[in-house]
Amino acid sequence: MTVNQRQLYYVLHCPAGRPKAQILAAGPFASERAHAYASWVRWARFLADHGYEVMRFDYSGVGESTGQFEQMSFDDWLDDVCHTARFLDRRADGCPLILNGLGFGGLLVAKAFGKIPRADGLLLWSAPICGRDMLYDMLRLRLMTDFAVTGNTQRSSRDQYIAQLQAGKLVEVEGYHWSKRLWDQAASYQLELPDDAGVYRSVQLSTAVGPLAGGGAGRNAGPRARSRPQPLSPDLTDLFTENLHWLDQRVEQLRRPRP
Amino acid sequence: MRQILQINIAEMPLVGTYHPPADPAGVQASHSHGEASDIGLLLLNFGQAPRAGLGDLAVRVADRVAQCGYPAFRFDLPGLGDSTGDLPAVIQAFWRYVQDGGHADCAARLVSTLKDRFRLRGLIVGGLCGGAISAIYAADRVSQDVLGLVLLEPEFVLTHVPMDDQQPNPARAPDAMSTRYYLLTLSHIRRDLLSPRAWRRFVCGQSAYREHVRLIRHLLTRQIRRLRRDSLPDDANLPLIHHWRQQVKRNLASLVICAEPSQRQLIQKDILGSRKPPAVSYVEVTGTNHMFVAGNGCQRVTEHICHWLDEHFPVAQNSAAA
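Chains A and B, in that order, give the protein sequences.
Residues in the first sequence are numbered from 1 upward in steps of one, following the working numbering.
Residues in the second sequence are numbered from 1001 upward in steps of one, following the working numbering.
Watch out, some of these pointers could steer you wrong.
[Stated by the list, open to error] Coverage of chain B stretches by chain A, computed from C-beta distances (three or more under 8 Å per stretch; other residues unrestricted): (1) 1001–1013; (2) 1143–1152; (3) 1198–1209.
[Stated by the list, open to error] Quick look at which bits of chain B chain A covers, simulated, 3 or more residues with Cβ under 8 Å: (4) 1115–1121; (5) 1245–1252; (6) 1295–1309.
For the record, the hints were derived by calculation from the structure and aren't laboratory data.
For glycine and all other residues, C-beta sits at the position ideal for the given N, C-alpha and C.
Model the full assembly from the supplied sequences, consistent with the hints where possible.
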């Protein structure tokens, strides 16, 4: 799919028969993508096995999608969400559309919900309250890396990195270069939930499914640095089943004629 | 423009991305026009990460390499990224699976398939950590198709798999333990040492001391290695090292990029020996981490790879040969 002269990578998981609904799955922020990928793919396949058509995609400048990450920002990624929704619209055939977001993706789909008239539901997993808060928290990853690489010497504080961003310098976090534009736009992205509580479900994932949301300390360490047994992919059966149940209920509600 | 590929290997659909090469003017060209190199670069999964790698390192390398005129491919091996397949539950078990060459067959068949489909002279295979391991094994299986190796943070030491994920060992059951301890009293050991029957049982593997065979074998192996001045660590991945040494012996060009200085001793001295083989280029990228996602590791690694490709497989020369 081409969006603003960039190639947007997407994967469509189709069910065996006619879909119950379409799910637009917006993944986490760039630095969490690789860590959450396996679970995110499993979720999409699980939904397809239960009759949903799922579309997941990579944001511009991230993963398989083209573009330079440092030139991208929240508005570009919101644009990606709207474009992918329009793509699904063309193959909807009357079935409902539910927006699903993990972490940063939750923030985006919540914002997009008001802009996509066809959207019938919102499923949020660990959506942050605000884009700026999310980035502030993610700077922790940079501090962790600094500590691992340089030890106690030559380390900057989180506030010093923020000052660099505000001064227009790029700051590298987990291999991605954050820009001033990214930092500035993040402040205007607040979690916007619909007034009708029946159309959305917001779940904060527990630490038990931490790897789905990105793992913890030592996530970039090699085999020699990790001796404790760690799950390659966490057991998410309960999470999947509960959320499938909510989706089924929501689709059932939409099928009923309105009074 | 990147292209998504799906290739069936042993009835397993593998998903990958193709970065078509650019012609010398920088315009992306179709390889079939013969304007670019006829040698491709294939990057395998960096550990358990999807084919883009952490910090999209693999994407950046492939993009840059394609800009330099080489077709580049990145693939998800079975169970990883977008490719289907089963994986072990525990991360250490997965690493050990890769270290034992679990992906070797698949990677080797992928190399041959890509070579034929894109009419290439051969491929340079690479990856980070587990990807580097699979690249070495694949190069051994299809040596005629692999022209070089790009090894980022290769792991030559075996991962210890937690006991929970291993097969239960009946000899370690509590009742066996108590019998074993009973038999290991000093008087019994003395008696058995002088008994031809006990020795026959030991040789046949029927002895109560059979648990100690491994210990004796380990001690003997260590002594032999010491006598041969082999300084590899006890948990070294010997089959992998053997394969790589064979490839180095047949002058297969290898680029090794490491982030951790501790690797230098192991690779340059313990594995390759004191005489630096001309086929191996060793680069150390300091101030970064294992995944090269700090200290501008991505850019530095990418530049090293392009420089090495230009030095060993220059595009103009390749095109002329084609």
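Here's how the hints hold up against the structure:
1. Interface restraint, the region 1001–1013 of chain B with chain A: holds (3 residues with C-beta to C-beta distance below 8 Å; minimum three).
2. With 0 residues bearing a CB less than 8 Å from a CB of chain A, the region 1143–1152 of chain B misses the requirement of three and the coverage assertion fails.
3. Beta-carbon proximity to chain A at under 8 Å applies to 0 residues in the region 1198–1209 of chain B; the threshold of 3 is not reached and the given coverage is violated.
4. Chain A is given as covering the region 1115–1121 of chain B, and this is violated because 0 residues of the stretch bring a CB closer than 8 Å to a CB of that chain, at least three being needed.
5. Counting residues of the region 1245–1252 of chain B whose beta carbon lies closer than 8 Å to any beta carbon of chain A gives 0, which falls short of the minimum of three for the stated coverage.
6. Residues of the region 1295–1309 of chain B with a Cβ under 8 Å from some Cβ of chain A number 4, which satisfies the need for three, so the listed coverage holds.
Checked against the numbered hints above, the structure breaks hints 2, 3, 4, 5 and satisfies the rest.
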